[in-house]
Amino acid sequence: MTTEHHLAAPPSGGAAPRQERPPGRGRAARKALDPKAVRRRSLRYRLDTKFSPYGFISPFFLFFAAFGLFPLLFTGWAALHRVQLHNPTDMEWAGLHNFTRLLEDEFFWNSLKNTFLIGMISTVPQLLMALGLAHLLNYKLRASNFWRVALLTPYATSVAAATLVFALLYGRDYGMINWALGLVGIDNIDWQSGDWVSKFAVSTIVIWRWTGYNTLIYLAAMQAVPSDLYESAAIDGASRWKQFLYVTIPSLRPTILFTIVVSTIGAMQLFGEPLLFGSGADGGPSHQFQTIGLYMYQIGWFNFNLGRASAIAWAMFLILILIGLINWGLTKWVNKSSGIGKGA
Amino acid sequence: MRNTPRMPRGQRGRSSRAIATGIAAILSAGLLAACSSDDGGEEAGDSGGNGGDSGEQITLTVGVFGQFGLEEAGLYDEYMELNPHIKIEQTSTQRSEDYWPALLTKLPTGSGLMDIQAVEVANIYEASNDLAQYFVDYRDYEDVDLSHFVEWKVAQATNNDSGKVVGLGTDIGPMGICYRKDLFEEAGLPTDREEVGALWAGDWSAYVETGKEWQAATSSDAKWVDAGAGMFQAIVNSFSERFYNADGEVVYEDSEGVATAWDTTMEAVEADLTAKHDLFSEEWNQGMANGDFATLSCPAWMLGYIQDKSGDEGKGQWDFAAAPQAANWGGSFLAVTEASKNKEEAVKLANWLTAPEQQAKLFTERGSYPSSAVAQEDPAVAAATHEYFSDAPIGELFKAAAEGIPTLITGPRDQIIEQGLSNGILVAEREGADPETAWADAVKDINNQLEE
Chain A
1 MTTEHHLAAP PSGGAAPRQE RPPGRGRAAR KALDPKAVRR RSLRYRLDTK FSPYGFISPF
61 FLFFAAFGLF PLLFTGWAAL HRVQLHNPTD MEWAGLHNFT RLLEDEFFWN SLKNTFLIGM
121 ISTVPQLLMA LGLAHLLNYK LRASNFWRVA LLTPYATSVA AATLVFALLY GRDYGMINWA
181 LGLVGIDNID WQSGDWVSKF AVSTIVIWRW TGYNTLIYLA AMQAVPSDLY ESAAIDGASR
241 WKQFLYVTIP SLRPTILFTI VVSTIGAMQL FGEPLLFGSG ADGGPSHQFQ TIGLYMYQIG
301 WFNFNLGRAS AIAWAMFLIL ILIGLINWGL TKWVNKSSGI GKGA
Chain B
1 MRNTPRMPRG QRGRSSRAIA TGIAAILSAG LLAACSSDDG GEEAGDSGGN GGDSGEQITL
61 TVGVFGQFGL EEAGLYDEYM ELNPHIKIEQ TSTQRSEDYW PALLTKLPTG SGLMDIQAVE
121 VANIYEASND LAQYFVDYRD YEDVDLSHFV EWKVAQATNN DSGKVVGLGT DIGPMGICYR
181 KDLFEEAGLP TDREEVGALW AGDWSAYVET GKEWQAATSS DAKWVDAGAG MFQAIVNSFS
241 ERFYNADGEV VYEDSEGVAT AWDTTMEAVE ADLTAKHDLF SEEWNQGMAN GDFATLSCPA
301 WMLGYIQDKS GDEGKGQWDF AAAPQAANWG GSFLAVTEAS KNKEEAVKLA NWLTAPEQQA
361 KLFTERGSYP SSAVAQEDPA VAAATHEYFS DAPIGELFKA AAEGIPTLIT GPRDQIIEQG
421 LSNGILVAER EGADPETAWA DAVKDINNQL EE
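Just so you know, the protein sequences line up as chains A and B, in that order. Numbering-wise (UniProt numbering), the first sequence opens with residue 1 and increments by one. Numbering-wise (UniProt numbering), the second sequence opens with residue 1 and increments by one.
No lab work stands behind these hints: they were computed from the structure. Hints are supplied without guarantee of correctness; some may be wrong.
Unchecked claim - Label-pair restraints from in silico Cβ distances: (1) Asp195(A) / Pro190(B): 41 to 47 Å; (2) Met80(B) / Tyr155(A): 43 to 49 Å; (3) Asp195(A) / Asp254(B): 30 to 36 Å; (4) Leu181(A) / Leu279(B): 23 to 29 Å; (5) Leu325(A) / Gly248(B): 45 to 51 Å.
Unchecked claim - For the chain B half of the interface with chain A, some residues (derived, Cβ under 8 Å), not all of them: (6) Pro101; (7) Pro108; (8) Glu283.
Glycine included, every Cβ here is placed at the ideal spot set by N, Cα and C.
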């Protein structure tokens with residue numbers, strides 16, 4: 001856009017210079033045209049400055065409308081109908097049936113429960129470990145970059161590859177983990193069928209993949225903590241542990257909150273790990289580790305019931321909004337109580 | 001770390017900018033590549049279409065799942081040699097559970113479809129009824145000969161109302177029992193395949209009884225049968241009415257077939273005769289290789305699978321005997337999509353691929369048993385033996401097994417019901433649920449999934 005103006009300017013002249021020209025030099029016709037052209041161009045100029053910024057940012061919104069907003073609304077619309085995957089255009093109005101039936105759907109509640117349990121088992125140890133690792137990495141270390149990259153590699157592996165390897169490790173008869181447990185005299189554990197062990201196994205995949213990522217986020221936040229705080233704490237005789245507890249943790253509060261929210265959202269959407277850990281969308285023979293995302297997939301893509309799947313998707317969306325609101329409240333509370341969030 | 005010197009600002013900026021530019025370049029290249037390959041596909045299809053009109057080069061695309069065998073048996077190459085103006089391209093999805101949903105989403109829009117799509121027997125009811133409008137009717141083409149197929153195979157791919165035929169059968173899965181000779185011998189059971197077959201001929205409960213005897217006599221840690229689910233599958237398929245009745249109603253809760261199969265399987269489960277495997281899992285494969293179970297239900301296509309998984313060490317250890325009752329497990333069809341730009345040529349290819357000679361070749365090369373009655377008579381098929389399975393006369397055994405196969409009544413949600421019952425069996429096997437609880441849970445699960 002700017003280049004166009006740049007090129008367009010010289011032949012006709014900019015608005016300002018022409019005004020400065022002595023009137024006698026211009027011909028009558030040109031003189032008559034001038035104000036119009038000026039007006040037109042200045043109008044164009046004004047329109048340009050006013051609207052082209054919107055043009056520049058429009059791609060995002062267009063893409064968002066096409067791939068974010070439209071599917072969201074369409075899913076909401078489909079949730080109010082009986083629709084089959086075979087024939088998505090053939091919709092039969094069902095009102096709120098798909099939502100009300102969810103209230104009595106024990107498989108839905110089971111998947112919700114599983115999602116929260118796996119979320120807890122994976123998120124809590126993961127964030128604690130990340131905090132500890134970040135603290136260690138924050139010291140002067142040999143080859144610190146190596147450690148940081150090493151921590152991030154699980155995050156860079158594909159979910160599918162990682163999960164398939166973990167499924168092998170957790171094999172019942174020939175898995176490495178059962179073999180190791182066998183060495184200390186523990187009988188083979190059926191990792192894919194046990195109620196708790198299967199949840200634990202899925203959680204370890206999540207922990208393995210995401211700990212490094214959170215570590216780096218914590219590390220970045222730790223490096224932003226002013227070093228004088230540590231110095232004065234050291235002068236006051238605070239040990240490393242006390243420094244960690246009373247300097248690092250309070251300074252990291254907003255970051256910790258952020259990682260909790262991101263991990264919670266990630267846990268809500270957990271899908272690839274349980275899908276590939278089991279042998280399908282069932283999430284174990286009696287749905288021991290079927291998450292809500294997996295349940296939605298099963299209803300929509302194995303049972304071909306788009307209406308019901310859409311209702312589950314919207315239920316999931318509403319739960320995420322609820323979590324967002326809780327987060328918002330927590331942030332306000334943390335900022336108020338610590339005062340650090342405000343400063344940062 | 002806080003006190004370590006940082007990189008000079010300018011340098012850091014520059015290098016990170018360079019990295020950012022690099023990443024952006026890679027990402028956009030990836031995007032472009034993704035788009036362009038897509039375009040490329042479309043164009044290939046288009047140019048194929050144009051070529052068809054002018055009698056020039058035509059590209060036909062075939063969508064299959066797993067190791068379907070057509071390409072592996074060299075049939076495409078042979079066809080391209082016979083028809084120089086045809087080029088065949090195959091796309092394969094590894095798991096049929098992934099293949100079918102993906103195909104379902106493409107059918108209504110008509111985009112991204114291949115000229116020929118393979119359809120597994122579990123999905124053929126939907127393809128020939130609910131989805132019939134998306135596939136061509138083979139009866140409209142004179143060259144297509146439906147008479148050489150076994151009758152029930154054509155019936156499965158025929159629309160209930162209009163009689164439209166959407167699929168040409170590739171293979172069927174007549175079943176026998178594969179067994180480990182070493183494990184039989186060690187427990188004092190006969191190893192000769194005829195004597196073994198006679199142990200349980202005509203009756204699945206005799207198979208369970210033999211299992212109990214074997215389990216009592218054996219000194220190994222192995223189990224009698226790989227998985228309750230495999231056994232269930234074999235028994236239930238020997239009945240004509242399983243999950244649906246002839247009127248298309250869901251009857252699995254009361255059908256004789258399901259009840260018999262469930263009870264017999266539960267008898268084996270309660271006697272702890274099963275190795276509690278999930279079929280087609282990695283553990284199952286390893287168990288197969290290590291001789292962790294003495295028998296398993298063996299449709300024709302399973303022989304090659306066992307050979308792959310058991311490897312050289314298993315050679316000569318396995319043998320193949322007749323099953324208690326004749327049943328079919330698996331098998332596929334080829335359907336031509338309405339969206340195809342070269343329907344005429346695609347039908348010709350599908351017809352050729354499923355013709356008796358090619359089916360016979362698919363059997364000798366890959367072990368997929370022909371769905372063509374003519375091909376079954378072919379000397380190369382009828383007299384075939386399997387070296388890996390102690391030279392078992394599989395042609396003869398499969399022929400006998402195929403003759404007794406009932407015409408299965410199929411339904412749109414067969415797969416869900418089958419999967420739900422298999423899960424129920426796993427729950428009983430692994431979690432120790434008693435049969436009644438396992439059944440009640442499975443029914444609850446299936447009915448939840450069937451609900452619209």
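To see whether the hints hold, each was checked on the structure:
1. Asp195(A) / Pro190(B): 41 to 47 Å: holds (43 Å)
2. Met80(B) / Tyr155(A): 43 to 49 Å: At roughly 46 Å between Cβ atoms, Tyr155(A) and Met80(B) fall inside 43 to 49 Å, so the hint holds.
3. Asp195(A) / Asp254(B): 30 to 36 Å: Given range 30 to 36 Å: holds, Cβ gap about 31 Å.
4. Leu181(A) / Leu279(B): 23 to 29 Å: holds (26 Å)
5. Leu325(A) / Gly248(B): 45 to 51 Å: holds (48 Å)
6. Pro101: holds (4 Å)
7. Pro108: holds (6 Å)
8. Glu283: holds (5 Å)
Going through the hint list in order, the structure satisfies each hint without exception.
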